[in-house]
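2 protein chains.
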Amino acid sequence: MKFKIAILGTGNVAWHLAPALEEAGHTVTEIYGRDIMEAEKLTGRLYTAEAKSDLDFSDSEAEVFILAVSDQVISELADEIILPEESILVHTSGSVPLDILGYSSASYTGIFYPLQTFSKDRKVDFGDVPFLLESEDQAALQKLKKLAKSLSPHQYLIKSRDRMALHVAAVFASNFSNHMLRLSEEIMARQGLDFEMLKPLIIETISKSLELGAKRAQTGPARRVDLNTLDTHFQFLNYNEQIAEIYKLISQDIIDSY
Amino acid sequence: MKFKIAILGTGNVAWHLAPALEEAGHTVTEIYGRDIMEAEKLTGRLYTAEAKSDLDFSDSEAEVFILAVSDQVISELADEIILPEESILVHTSGSVPLDILGYSSASYTGIFYPLQTFSKDRKVDFGDVPFLLESEDQAALQKLKKLAKSLSPHQYLIKSRDRMALHVAAVFASNFSNHMLRLSEEIMARQGLDFEMLKPLIIETISKSLELGAKRAQTGPARRVDLNTLDTHFQFLNYNEQIAEIYKLISQDIIDSY
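As given, the protein sequences belong to chains A and B, one line each in that order.
All you need for the numbering used here is the position in the first sequence, starting with 1, plus 2.
All you need for the numbering used here is the position in the second sequence, starting with 1, plus 2.
Some hints here could point you the wrong way.
If several chains are the same, the list does not tell them apart, and a pair holds so long as it fits within one copy or across any two.
Claimed, not checked - Mimicking DSSO-like on lysine-lysine, the simulated pairs with C-alpha atoms at most 30 Å apart in a straight line are:
| # | residue 1 | residue 2 |
| --- | --- | --- |
| 1 | K145 | K250 |
| 2 | K217 | K201 |
| 3 | K217 | K148 |
| 4 | K151 | K250 |
| 5 | K201 | K148 |
| 6 | K125 | K4 |
| 7 | K201 | K161 |
If you're looking for bench data, these hints aren't it; they were derived computationally from the structure.
Computed from a predicted structure; not experimentally measured.
Isolated chain A, as found in the complex:
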């Protein structure tokens, strides 16, 4: 089943999702960007899509309209967009409930959330991306499932409340673990040490954690309740109060969790 799809948004998700939809055989009809130049940058990556900076889609041939924009503007765009008959309007956010689309002119609404971290300068393999889907209309939900299935073998039906919890979990698993690497990079750079040295440790840490589970996989001074080392490290970090505080709080949480 091939769809005609309009995408609203020109950020990281739209940037990767639009070409992936074309590769899967669908037609991207329009790209909407508040800034037409941004929309044109993205249509430049596509075959047939037209760039657009107004929200009147009453003449669009698309059936599925994907809001791939910041959480803050989803509701505004949903309220203002003018959609053709029988259209399905979805958003791609981890944290915004489905009912925010309730005042739109769409016949059906839903969630089409690709659970992945997207950056413009790194290609995403959608075959590994889980899609979290939701709709109150069974026929619309079936269509979203087919659409997701054309991109990835992994689909889950998740209600808004669970999707929010999942998004919090994803922030810890992805954004926060990445920030731990960031702080590590900075400590190494400050000392003039090569971050390459730590890469095998990082790869083994994550592989082990995914295999054994993080609780069993944990090692290090907090896990051993090695208070001398924890104190030495805390003193070392006193050049930056906030980082020292992060060190203390996470170490305490590790200690408390065994």
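Guided by the hints, dock chain B onto chain A, whose structure is given.
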């Protein structure tokens, strides 16, 4: 160059290092454990090593003595161990300075620190492990280099002060990123959601971070300064004050770092 080596300690490092040394063609002569039963568990994994619970090594055939014990007991063992002539005493710790071995009966002292996370129930491939070496004696240092080289192609000469900084960086990169996965697992479990869903995200996060660097790789609500989502997440986590505080502090640090 093959060495005769005695290992003091029966923890995670000793558990993996001793068999790896044998596999590399060296002879492990003795395993010391305060609890002889623990020492015997480890000699059971080895060909010729004898278990031992006293610190008199004056008759040992070993040349290299590896203290693979908790940081807190390194100094005590170093002071008490009786070593033969021309012996090299090293420890495997990331945070303990070299000079702590200064009062021992060893002819030479050094550091032999494998920068990796070790758990008993997961095999370690030493070929990927960087060894951080230090000694004030050039001949001893050359021997430690040869010993490390027989296990891994990655050796670095690192002074105690830098090694401590590196250990702090390793705690962030390994123990703390693992703890972020732990918190993520717990949020998923509490909500009855399958952690499997997050695994592709975690793998992509780390791969991307190692490729682009963590600063460029970052995404998520804190990166976008999406205060609504940050607040919703913080409210969601109010069932556990400490986790909510971790969420707040790390998010703030991400915001501050761009």
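Hints, one by one, checked against the model:
In the homo-oligomer, the alpha carbons of K145 and K250 never lie at most 30 Å apart, since the shortest distance is 49 Å inside one protomer and 38 Å across protomers. For a Cα distance limit of 30 Å, the shortest separation of K217 from K201 qualifies both inside one copy, at 21 Å, and across copies, at 16 Å. Proximity of K217 and K148 under a CA criterion of 30 Å is satisfied in neither setting, with 37 Å inside one chain copy and 36 Å between copies. With identical chains, the CA atoms of K151 and K250 are never at most 30 Å apart, being 44 Å at best within one copy and 36 Å at best between copies.
In this homomeric assembly, K201 and K148 come within 30 Å of each other (Cα to Cα) only across copies, at 23 Å, whereas the closest approach inside a single copy is 39 Å. Taking identical chains as interchangeable, the C-alpha atoms of K125 and K4 lie at most 30 Å apart only when both belong to the same chain, with a minimum of 23 Å there against 47 Å between chains. Proximity of K201 and K161 under a CA criterion of 30 Å is satisfied inter-copy only: 20 Å between copies versus 37 Å inside one chain copy.
The structure is inconsistent with the numbered hints 1, 3 and 4, although it conforms to all the rest.
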